[in-house]
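Chemist: Its first residue numbered 5, the sequence shown is counted upward by one per residue in the numbering used here.
Be aware that one or more of the hints could be misleading.
Quick list of simulated restraints, FRET-style, between CB atoms [claimed, not checked]:
hint, residue 1, residue 2, range
1, E295, I342, 17 to 25 angstroms
2, V173, G197, 43 to 51 angstroms
3, T124, L20, 45 to 53 angstroms
4, A372, S239, 17 to 25 angstroms
5, K202, I321, 17 to 25 angstroms
6, I163, A116, 40 to 48 angstroms
7, L138, A166, 46 to 54 angstroms
8, S239, F199, 38 to 46 angstroms
9, I168, A106, 22 to 30 angstroms
10, R187, A285, 53 to 61 angstroms
11, N80, I118, 49 to 57 angstroms
Since the hints were made in silico from the structure, they are not lab data. This one's a predicted model, so the numbers in the text were calculated from it and none came from an experiment. Don't be surprised by glycine CBs; every beta carbon is placed ideally from N, CA and C.
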Amino acid sequence: MPFLGKQPSDGNHNVLLDAITTSATATYNLTKDSVAYTPVSAQSLMVSLNGVTQAPIAAYTVSGSTIVFASALTSNDVIDYVIAFEGPKVNANIDDSAITTAKIADSAITTAKIADNAITSAKIGVDVIVAEDLAANSITVSEITDDAVTSAKIADDAITSALIADDAVVQAAIADEAVDEARMQISNAGSNGQFLSKQSGNTGGLTWADAGGGWSATTEGLITTTDGQQDIDFSIPAGGVNQIRIMEWGLSGKDAGERFVQLGDGSSIKTSGYENTSIYASNTSTVSLAETTNALRHDGWSADANDFRSVGHLYSIDSGRRWFWEWEAYSEPYGTYILNTRGCVDMGSGNVARTVRFCMQHSAGFDAGGLIRVYYATM
């Protein structure tokens with residue numbers, strides 16, 4: 005049938021819902037073709053009960069897809085029909101950009117309306133995400149871009165030694181004049197006027213040493229002999245020592261016999277294998293004496309009254325195992341006597357000189373008041 009004017013929307017929008025069987029309750033499900041039906045409102049329904057049209061709200065209300073009567077019905081009541089008025093259907097498209105921000109209510113967009121991975125970094129404002137928005141341990145290394153962490157983001161004293169990789173601090177990362185003596189590993193305390201000497205066998209490989217020829221005094225310092233003293237030991241440090249200098253003043257023995265100087269490896273004293281050639285000279289004669297093998301010796305010095313002043317130099321060609329020596333001594337009071345001794349000794353494979361021992365050939369020991377001092381050097 006033709007229409008005058010605008011053609012009405014297609015379709016019947018008054019819906020007859022499924023029949024409802026009453027019972028002793030006020031609440032009933034609304035269905036259409038056995039599928040739950042949710043009306044627009046109570047006013048959109050026309051309900052006939054026992055042949056009487058019911059007033060919306062007063063006689064019944066709607067909650068979702070259920071109708072609730074004002075009072076419970078009985079099985080004798082008859083719901084004649086329930087008709088839903090849906091209004092005309094509108095088949096229309098929303099124009100692009102038609103929904104503006106003003107059309108969206110505050111808090112209207114829920115998480116369920118946002119697709120996974122839909123929010124990009126461009127949609128997040130600067131400084132919008134605060135620490136409270138981040139789950140514990142949620143930021144991994146892969147989330148941090150190269151060179152992204154600046155010094156301003158690192159707390160004072162936050163970087164400990166455990167966070168610095170071995171050999172990670174390069175020279176360019178150390179400020180000028182930042183490394184002082186306290187930051188260096190040096191084997192001894194040192195004193196004014198000394199210099200740092202390379203000593204690979206010492207702690208840290210560095211040792212404070214006296215300037216001037218590289219000579220260092222042994223830790224025993226200057227020894228003054230006491231009456232009957234015997235076996236006076238001076239320690240030589242490990243690590244490449246190849247020169248030893250010995251000085252004696254007023255050294256004499258309590259009984260007749262020679263003064264011995266012997267070398268040790270720090271645990272035992274070498275008592276054989278020495279080779280000595282001595283020249284004993286006065287203002288009237290010169291005598292060459294036979295070699296001796298049990299110590300560094302001035303052969304021919306046997307009188308207990310001899311009072312010696314001497315200087316000895318020992319040289320090693322291999323940092324402590326094989327030693328050569330040259331000894332000059334002056335003796336009194338029996339006129340003027342000069343003794344010159346040369347010799348050598350091999351400490352043995354794997355051994356180096358770590359001890360210099362002074363002793364007398366006889367057991368009575370030294371007289372009191374003699375002075376002995378020992379120096380060492382690496383050249």
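Chemist: Hint by hint, say whether it matches the structure.
Modeler: Each hint, compared with the structure:
| no. | hint | in the structure |
| --- | --- | --- |
| 1 | E295 - I342: 17 to 25 angstroms | holds (19 angstroms) |
| 2 | V173 - G197: 43 to 51 angstroms | violated (32 angstroms) |
| 3 | T124 - L20: 45 to 53 angstroms | holds (50 angstroms) |
| 4 | A372 - S239: 17 to 25 angstroms | holds (23 angstroms) |
| 5 | K202 - I321: 17 to 25 angstroms | holds (19 angstroms) |
| 6 | I163 - A116: 40 to 48 angstroms | holds (44 angstroms) |
| 7 | L138 - A166: 46 to 54 angstroms | violated (25 angstroms) |
| 8 | S239 - F199: 38 to 46 angstroms | violated (22 angstroms) |
| 9 | I168 - A106: 22 to 30 angstroms | violated (56 angstroms) |
| 10 | R187 - A285: 53 to 61 angstroms | holds (56 angstroms) |
| 11 | N80 - I118: 49 to 57 angstroms | holds (53 angstroms) |
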